[in-house]
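Please put together the full structure from these sequences, using the hints given.
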Amino acid sequence: MGLFNFIKEAGEKLFGGKEAQAATAPGAAPTPGASQEDLNIKAASAIEAYIATQKLGASNVKVTFDGAQGKVTVTGDAPTQAAKEKITLCCGNVASVTSVDNQMKVTNPEPEAQYHDVVRGDTLSAIAKKYYGDANKYPVIFEANKPMLTHPDKIYPGQKLRIPAQ
1 MGLFNFIKEA GEKLFGGKEA QAATAPGAAP TPGASQEDLN IKAASAIEAY
51 IATQKLGASN VKVTFDGAQG KVTVTGDAPT QAAKEKITLC CGNVASVTSV
101 DNQMKVTNPE PEAQYHDVVR GDTLSAIAKK YYGDANKYPV IFEANKPMLT
151 HPDKIYPGQK LRIPAQ
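Mapping of the sequence shown onto the numbering used here: position 118 corresponds to residue 118, and the numbering continues sequentially without gaps.
It should be emphasised that the hints constitute simulated quantities derived from the structure, not laboratory data. Do not take every clue at face value.
Dumping the calculated EDC-like pairs for lysine to aspartate or glutamate here, alpha-carbon to alpha-carbon at most 20 Å [claimed, not checked]:
| id | residue 1 | residue 2 |
| --- | --- | --- |
| 1 | LYS13 | ASP38 |
| 2 | LYS55 | GLU12 |
| 3 | LYS13 | ASP117 |
| 4 | LYS146 | GLU48 |
| 5 | LYS71 | ASP38 |
| 6 | LYS55 | ASP77 |
| 7 | LYS42 | ASP66 |
| 8 | LYS146 | GLU110 |
| 9 | LYS71 | ASP101 |
| 10 | LYS13 | GLU48 |
| 11 | LYS105 | GLU48 |
| 12 | LYS71 | GLU12 |
| 13 | LYS154 | GLU143 |
| 14 | LYS71 | ASP117 |
| 15 | LYS62 | GLU37 |
| 16 | LYS154 | GLU12 |
| 17 | LYS62 | ASP38 |
| 18 | LYS62 | GLU48 |
| 19 | LYS55 | GLU143 |
| 20 | LYS130 | GLU112 |
| 21 | LYS130 | ASP117 |
| 22 | LYS8 | ASP117 |
| 23 | LYS146 | ASP117 |
| 24 | LYS146 | ASP122 |
| 25 | LYS154 | ASP122 |
| 26 | LYS62 | ASP101 |
| 27 | LYS42 | GLU12 |
| 28 | LYS137 | ASP153 |
| 29 | LYS71 | GLU37 |
| 30 | LYS8 | ASP66 |
| 31 | LYS62 | ASP77 |
Note that the coordinates shown come from a computational prediction; the quantities given were computed from them, not determined experimentally.
In structure tokens, the structure reads:
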């Protein structure tokens, strides 16, 4: 699947404020009482918990976070290619994450999806028109990105979306 790049400032704020800045600033001094390794472990745990809340059916999920590089590495077992791709998005659409290396194994392999980086002014209808030639196919994209998306109108610039094959 490879390494996926994301926009560092966009996404869910799973670990916040000064801790996130300390964990992701190269060479920055860690928060008093917390080492860089402690901050990375805390961030990885927050991402693992977020993945679990999405109920994607994955097992043995382990996340590591390298705050200096903003890189997440995720391992485990995914039931489908779609679940694996959604886990990539769960990891990458988090503030302070710039790349995701998804090394999960897939129980039932399928063709990989395409990805779209949301820009200002994008709508799911416009994205569907671009990839499928039909704006009315936006529910396909919405369903492919659930449960991370809760409403078709709630996408934001910098977010990465799965675009499944037709």
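Hints and how they fare:
Under the criterion of a C-alpha separation no larger than 20 Å, the hint pairing LYS13 with ASP38 is consistent with the structure, at around 18 Å. Proposed proximity of LYS55 and GLU12 is supported: the alpha carbons are some 17 Å apart, at most 20 Å. This hinted pair checks out: LYS13 and ASP117 have alpha carbons roughly 18 Å apart, not beyond 20 Å. As the CA atoms of LYS146 and GLU48 are separated by approximately 17 Å, the hinted pair is consistent with the 20 Å bound.
Of the pairs offered as hints, the one joining LYS71 and ASP38 holds, with about 16 Å between alpha carbons and a cut-off of 20 Å not exceeded. Restraint check for LYS55 and ASP77: the C-alpha separation of about 13 Å stays at or below 20 Å, so the hint holds. Distance restraint check for LYS42 and ASP66: the Cα-Cα separation of roughly 11 Å lies within the 20 Å cut-off, and the hinted pair is therefore satisfied. Taken as a hint, the LYS146 and GLU110 pair is honoured in the structure, with Cα atoms around 18 Å apart against an allowance of 20 Å.
A hinted pair counts as satisfied when its Cα atoms are at most 20 Å apart, and LYS71 with ASP101 qualifies at roughly 8 Å. Restraint check: the Cα-Cα separation between LYS13 and GLU48 comes to about 14 Å, which is no more than 20 Å; the hinted pair holds. The hinted pair formed by LYS105 and GLU48 meets the criterion: a straight-line CA distance of about 16 Å does not exceed 20 Å. A distance of roughly 15 Å separates the Cα atoms of LYS71 and GLU12; the hinted pair therefore holds under the 20 Å criterion.
The suggested pairing of LYS154 with GLU143 holds, with an alpha-carbon distance near 13 Å, which does not exceed 20 Å. Only pairs whose Cα atoms come within 20 Å are accepted, and LYS71 paired with ASP117 is accepted, the gap being roughly 18 Å. Of the supplied pair hints, the one linking LYS62 and GLU37 holds, its CA atoms being roughly 16 Å apart against a limit of 20 Å. For the hint linking LYS154 to GLU12, the alpha-carbon distance of about 13 Å falls within 20 Å, and the restraint holds.
For the hint pairing LYS62 with ASP38, the CA-to-CA distance comes to about 16 Å; that is within 20 Å, so the pair holds. Of the pairs offered as hints, the one joining LYS62 and GLU48 holds, with about 7 Å between alpha carbons and a cut-off of 20 Å not exceeded. The hinted pair formed by LYS55 and GLU143 meets the criterion: a straight-line CA distance of about 14 Å does not exceed 20 Å. Of the supplied pair hints, the one linking LYS130 and GLU112 holds, its CA atoms being roughly 18 Å apart against a limit of 20 Å.
At roughly 13 Å between alpha-carbon atoms, LYS130 and ASP117 fall within 20 Å of each other, so this suggested pair holds. A distance of roughly 13 Å separates the Cα atoms of LYS8 and ASP117; the hinted pair therefore holds under the 20 Å criterion. A threshold of 20 Å between alpha carbons decides the hint, and for LYS146 with ASP117 the separation of about 16 Å falls inside it, so the pair holds. Proximity of LYS146 to ASP122 is assessed by CA-CA distance (about 18 Å); at most 20 Å being required, the pair is judged to hold.
Restraint check: the Cα-Cα separation between LYS154 and ASP122 comes to about 11 Å, which is no more than 20 Å; the hinted pair holds. The straight-line distance between the Cα atoms of LYS62 and ASP101 is roughly 12 Å, inside the 20 Å bound, and the hint therefore holds. A hinted pair counts as satisfied when its Cα atoms are at most 20 Å apart, and LYS42 with GLU12 qualifies at roughly 15 Å. Of the pairs offered as hints, the one joining LYS137 and ASP153 holds, with about 14 Å between alpha carbons and a cut-off of 20 Å not exceeded.
Proximity of LYS71 to GLU37 is assessed by CA-CA distance (about 14 Å); at most 20 Å being required, the pair is judged to hold. In summary, the hint linking LYS8 to ASP66 is supported, as the alpha carbons are separated by about 13 Å, within the 20 Å threshold. Taking the CA atoms of LYS62 and ASP77, the gap is near 10 Å; set against the 20 Å cutoff, the hint holds.
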